[in-house]
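All chains, please: the whole structure from these sequences, using the hints.
Number of protein chains: 2
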Amino acid sequence: MATTLNIGLFGFGCVGQGLWDVLHRTKGLQTEITRICVKDRNKLRPLGAGMFTFEQNDILEDPKVDVVVELIDDADAAFTIVKSALLNGKAVVTANKKMVASNFAELLELQQATGRPVLYEASSCGSIPIIRNLEEYYDNDMLDGVQGIVNGTTNYILTKLTETTASYDDVLREAQQLGFAESDPTLDVEGYDAAFKTLIMGAHAFGTVLRPGDVIRRGITAVSSFDAVTAKAHGHTIKLLSQSRIRDGHLTSYVLPAFVPYQDPLATVRNEYNAVLLHGAFSDAQFFVGKGAGGHPTASAVLSDLAALRYAYKYEYKKIEQGTAPSLTTRVPVRAYVRSHSADVVSSVPFSDVEVEYKSGANHYVIGTTLLESLYRSEAFADKRTFIATL
Amino acid sequence: MATTLNIGLFGFGCVGQGLWDVLHRTKGLQTEITRICVKDRNKLRPLGAGMFTFEQNDILEDPKVDVVVELIDDADAAFTIVKSALLNGKAVVTANKKMVASNFAELLELQQATGRPVLYEASSCGSIPIIRNLEEYYDNDMLDGVQGIVNGTTNYILTKLTETTASYDDVLREAQQLGFAESDPTLDVEGYDAAFKTLIMGAHAFGTVLRPGDVIRRGITAVSSFDAVTAKAHGHTIKLLSQSRIRDGHLTSYVLPAFVPYQDPLATVRNEYNAVLLHGAFSDAQFFVGKGAGGHPTASAVLSDLAALRYAYKYEYKKIEQGTAPSLTTRVPVRAYVRSHSADVVSSVPFSDVEVEYKSGANHYVIGTTLLESLYRSEAFADKRTFIATL
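Chains A and B, in that order, give the protein sequences.
Quick note on numbering: the first sequence equals residues 1 to 391 in my numbering.
Quick note on numbering: the second sequence equals residues 392 to 782 in my numbering.
Think of the hints as simulated: they come from the structure by calculation, not from any bench.
Misleading hints may appear alongside valid ones.
The calculated lysine to any residue pairs, modelled on SDA-like cross-linking and capped at a C-alpha distance of 20 Å, are [said to hold, decoys possible]:
no., chain 1, residue 1, chain 2, residue 2
1, B, Lys474, B, Gly506
2, B, Lys775, B, Ser738
3, B, Lys709, A, Arg25
4, A, Lys314, B, Lys455
5, B, Lys709, A, Ser374
6, A, Lys318, B, Thr395
7, B, Lys551, A, Pro265
8, B, Lys551, B, Gln567
9, B, Lys705, A, Leu309
10, A, Lys318, B, Thr417
11, A, Lys314, A, Pro326
12, B, Lys455, B, Thr395
13, B, Lys709, A, Arg310
Next up, the structure:
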């Protein structure tokens, strides 16, 4: 192709500026950022004012723009932009996991109706090419498991917590100072961000399209040094894991802290790194590790989507199209560690098999087996001060 | 596509039988193995005789055959088959690293002349989708390094050697009994196999097409428990590494044993597993781990190539086409460990900077810096009993 790909960019934060930088240092890919739409009229920006607009339609209705790259924070506003871009005949590249996960079925319909592609490699695990690999490479390999460390903020916090004696609050503050955690870290530390990515990866891996609320999710805010020491005593570290598994033809998907044995490849993934472990019937285990966030790694995923658009690439959603996607179940056994200040809270979980029971003044815990559904419905799960991890 | 992809298969060893098995357990991919060409007329086979032929032209000249899958051992015979298949208008999928590496430029020309694709994901690192990722995903990311553990046999041997007190000969014998090493292990233990893969990955990563002899290569046959203990004392394990790096616009590619620090992700890759560590200007480090060999993992890579052929996929060789590929140099400094029974042999390497010098009755070694080219031309490099590792 000889023509230039004209990009209309929404948002000029960390990833937007990373993309600007990357595009200007890359040979071979003929692209041009035509216009950048931003919200704040008063913010100082590193480019001349002529590049910017505050009117979305300056991009959305510009016939010269071939592709809209959406890199804003607000998921609802982002979906409005993406919808309008597709209906105006433009391709879309986005990094917005919340927007993609919250509107997955609608995005499928819009792509079918308009014939225009939406690519979102940057939405999941930053620079790890996981969506493209699930979509392209594993489409005929009977995948039966996708496990991942898909949130860099929580992995950074858990790495520091398990490797030092610092408390959760101390480590969170440090992560905020270093820019690894937002001033409002809720989306990260409560597991919402990881649940969005779990949904997106699950749709491409298994063809099952969930809604965000379908993914059972619990965060790391209750984790304590006691939990870290207990995990260590059992030869484990603590990670926030995204887990999707096929068993007996049904899909189970959840985001929960997990005790991970030191010899497990996921245990070796430290700090802000992300990782995905795929298990297939034929390819056996495949393990991908890379930087999950940051301007340049995320921009490099956006870049690869832009490169793919040059040869008219679109996701084929083959596993969704086949119509044989597994249905979701929560009625599966899980091994879990449940630790609380209160023995009553711990005993609210109906364990069928108790391996360890520990009682002291301040900490009570049980390690045992229960149904995921029972765990989810227990008082312990609802209690913010209780720490729960799978094993 | 509604039509069936008709496959003519050459070879029915471990990978061929794995492919048969995988194709018959995969839904959705409409493929049929039309005929299997084998050499040995007297071998007992698990399928009816009607599936087999001993005449290559029964497949090569059959107009029903869309794609030739070549899974035989002999690289020269394989190239003749592949050439004939392309000239007869058939697509080709192959797992033969030696054939691909030894005829890379010719295969490019044949693909251009015939318009038919040759796909060879299975040639490098078994189930790790490395060629496709280099080709598709990293094409606009300025890659500057590809490091890998790309040979499962040597990694198995080195894992046992560094984790136990067994000798090289003992471990090799055990690997042969377990089927991880051939009865003639030369291609693996001398690094030829790894060099073929280094060449193939390098062509897709950087656009530089080398000949097998261009890749500096040395194997692991001289490794001893003394080396393993010395590495350990320095906080390292020993791996056979494929290394390609861009420095100052030039490419350096070699396969040499290496002392790898325990905290390096490559140190965690044990036994028959393979791994590739990519370093790019924007994506930072990306790490892929998976099974490098075996019937099913390799067959799963063949399968993904077959799936890609259904949508007319072919390698675009973009980095080669751009004509700006870096030229090869061996004039780069390397840190090396050189250990020999003879102090004279060790001192044949012109070290510019000696960090450690060790002399005892049976073992002499130096750790220092030298030019790769000087190391390659030294008496030590030519001496089969000397062990050399980079650091």
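Structure-based check of each hint:
1. Lys474/B <-> Gly506/B: holds, 13 Å
2. Lys775/B <-> Ser738/B: holds, 16 Å
3. Lys709/B <-> Arg25/A: Cα-Cα ~17 Å, so holds.
4. Lys314/A <-> Lys455/B: violated, 30 Å
5. Lys709/B <-> Ser374/A: violated, 53 Å
6. Lys318/A <-> Thr395/B: This hinted pair holds, its Cα atoms lying about 17 Å apart.
7. Lys551/B <-> Pro265/A: Roughly 19 Å between the alpha carbons, so the hint for lysine 551/B and proline 265/A holds.
8. Lys551/B <-> Gln567/B: Status holds; Cα separation ~13 Å.
9. Lys705/B <-> Leu309/A: holds, 16 Å
10. Lys318/A <-> Thr417/B: holds, 14 Å
11. Lys314/A <-> Pro326/A: violated, 23 Å
12. Lys455/B <-> Thr395/B: holds, 10 Å
13. Lys709/B <-> Arg310/A: holds, 13 Å
The structure fails to meet hints 4, 5, 11 from the earlier list, while all remaining hints are met.
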